[in-house]
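Residue numbers (the working numbering), protein chains in the order written: chain P, -17 to 95; chain V, 2 to 115.
Worth flagging that the hints you see were computed from the coordinates, not collected in a lab.
Predicted, not measured: the structure shown is a model, and the values here were computed from it.
Be a bit skeptical, because a hint or two may be false.
Stated by the list, open to error - Beta-carbon label-pair distances, calculated as ranges:
id	chain 1	residue 1	chain 2	residue 2	range
1	V	Thr56	P	Glu24	34 to 42 Å
2	P	Val20	V	Ser29	22 to 30 Å
3	V	Leu57	P	Val36	36 to 44 Å
4	P	Lys50	V	Lys70	36 to 44 Å
5	P	Ser79	V	Glu65	18 to 26 Å
6	V	Ser13	P	Lys(-9)	43 to 51 Å
7	V	Ser27	P	Ser79	19 to 27 Å
Said to hold, decoys possible - Taking lysine to any residue and the SDA-like style, the derived pairs with C-alpha atoms no more than 25 Å apart in a straight line are:
id	chain 1	residue 1	chain 2	residue 2
8	V	Lys70	V	Asn25
9	P	Lys9	P	Arg46
10	P	Lys26	V	Val14
11	P	Lys(-9)	P	Pro88
12	P	Lys22	V	Ser13
13	P	Lys9	V	Val38
14	P	Lys22	V	Ser27
15	P	Lys26	V	Ser81
16	P	Lys22	V	Ala54
17	P	Lys0	P	Ala63
18	P	Lys65	P	Val(-6)
19	P	Lys22	V	Val38
20	P	Lys2	P	Asp38
21	P	Lys22	V	Lys70
22	P	Lys50	P	Pro88
23	P	Lys9	V	Pro80
As the list claims (entries may be wrong) - Residues from chain V shown here face chain P by an in silico Cβ test under 8 Å; the list is partial:
id	residue
24	Gln3
25	Thr6
26	Phe35
27	Val38
28	Gln43
29	Leu47
30	Lys50
31	Ala87
32	Glu89
33	Phe103
34	Phe105
Cβ atoms here follow ideal geometry from the backbone N, Cα and C, with glycine treated the same way.
The chain contents come next:
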Amino acid sequence: GEEVAQTPKHLVRGEGQKAKLYCAPIKGHSYVFWYQQVLKNEFKFLISFQNENVFDETGMPKERFSAKCLPNSPCSLEIQATKLEDSAVYFCASSQSRGGEEYFGPGTRLTVT
Amino acid sequence: AQSVTQLGSHVSVSEGALVLLRCNYSSSVPPYLFWYVQYPNQGLQLLLKYTSAATLVKGINGFEAEFKKSETSFHLTKPSAHMSDAAEYFCAVSESNTGNQFYFGTGTSLTVIP
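Chain P extracted, bound-state conformation (with noise of 0.2 Å):
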């Protein structure tokens, strides 16, 4: 397709609850990316991948948060055992080349609650 898709639009897990969250990049892209916004002016990077192989994951908070892009699938954000200050709006990103502009998706908006 031609937008990034990501699903739910909204998700709201109790405190210790597990979430997921998809990510459907652009078709032909090799890069997906994952942000997260907490405060509306602030986006920190969390992981990127380079088709199905992680490549930079410097964001990640590891203990809780994991996250795959594996062929023919869309790729996932975990989120184990859920806090408070997790509530934010993911935002996937993909990208067909390196250093190209980085086409956004709707964000998946997390409460926890």
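Dock chain V against chain P, hints included.
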């Protein structure tokens, strides 16, 4: 290391007035620079990008930006503000030769006064 600084977290302009949103960057390699706009409860939409071609870049909705290497700046301008321009604007930089992630500025909220 790369970073982006957006001076002015809030900018207000009158409808029809010039819009100027400032962005300065630091990068150890030739940068690619981007401006994105975010409307409330929506994702990011690309306005324009600089990728080492022309230093004056024209984007959508009448916006343009000029890459000035000597000033390490990439300020966004629009000659005449429209009410529909009210949104959050983000400047971002990435390294030109890698697939690394974007580094975003902290955003500038643009208010257009009728």
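Outcome of the hint check:
1. V:Thr56 with P:Glu24: 34 to 42 Å: Violated: the Cβ-Cβ distance is about 29 Å, outside 34 to 42 Å.
2. P:Val20 with V:Ser29: 22 to 30 Å: Holds, since Val20 of chain P and Ser29 of chain V (Cβ atoms, about 28 Å apart) stay within the stated range.
3. V:Leu57 with P:Val36: 36 to 44 Å: Given about 37 Å between the Cβ atoms, the range holds.
4. P:Lys50 with V:Lys70: 36 to 44 Å: The hint (36 to 44 Å, Cβ to Cβ) holds, given that Lys50 of chain P and Lys70 of chain V are roughly 39 Å apart.
5. P:Ser79 with V:Glu65: 18 to 26 Å: holds (24 Å)
6. V:Ser13 with P:Lys(-9): 43 to 51 Å: Hint violated: Cβ distance 31 Å, outside 43 to 51 Å.
7. V:Ser27 with P:Ser79: 19 to 27 Å: Between Ser27 of chain V and Ser79 of chain P, where Cβ atoms are some 23 Å apart, the hint holds.
8. V:Lys70 with V:Asn25: Given pair Lys70 of chain V, Asn25 of chain V holds - Cα atoms ~10 Å apart, limit 25 Å.
9. P:Lys9 with P:Arg46: violated (29 Å)
10. P:Lys26 with V:Val14: violated (29 Å)
11. P:Lys(-9) with P:Pro88: holds (8 Å)
12. P:Lys22 with V:Ser13: This hinted pair holds, its Cα atoms lying about 18 Å apart.
13. P:Lys9 with V:Val38: The hint holds at about 23 Å.
14. P:Lys22 with V:Ser27: holds (23 Å)
15. P:Lys26 with V:Ser81: Violated, because 32 Å separates the two Cα atoms, which is more than 25 Å.
16. P:Lys22 with V:Ala54: Distance of about 32 Å is beyond 25 Å: violated.
17. P:Lys0 with P:Ala63: holds (5 Å)
18. P:Lys65 with P:Val(-6): The given pair, whose Cα atoms are some 12 Å apart, holds under the 25 Å limit.
19. P:Lys22 with V:Val38: Cα-Cα ~12 Å, so holds.
20. P:Lys2 with P:Asp38: Holds, at roughly 20 Å.
21. P:Lys22 with V:Lys70: violated (29 Å)
22. P:Lys50 with P:Pro88: holds (19 Å)
23. P:Lys9 with V:Pro80: Not OK: Lys9 of chain P and Pro80 of chain V at ~36 Å, beyond 25 Å, violated.
24. Gln3: violated (11 Å)
25. Thr6: violated (13 Å)
26. Phe35: holds (6 Å)
27. Val38: violated (11 Å)
28. Gln43: holds (7 Å)
29. Leu47: holds (5 Å)
30. Lys50: holds (5 Å)
31. Ala87: violated (14 Å)
32. Glu89: Holds, because the Cβ-Cβ distance from Glu89 of chain V to chain P comes to roughly 7 Å (cut-off 8 Å).
33. Phe103: holds (6 Å)
34. Phe105: holds (4 Å)
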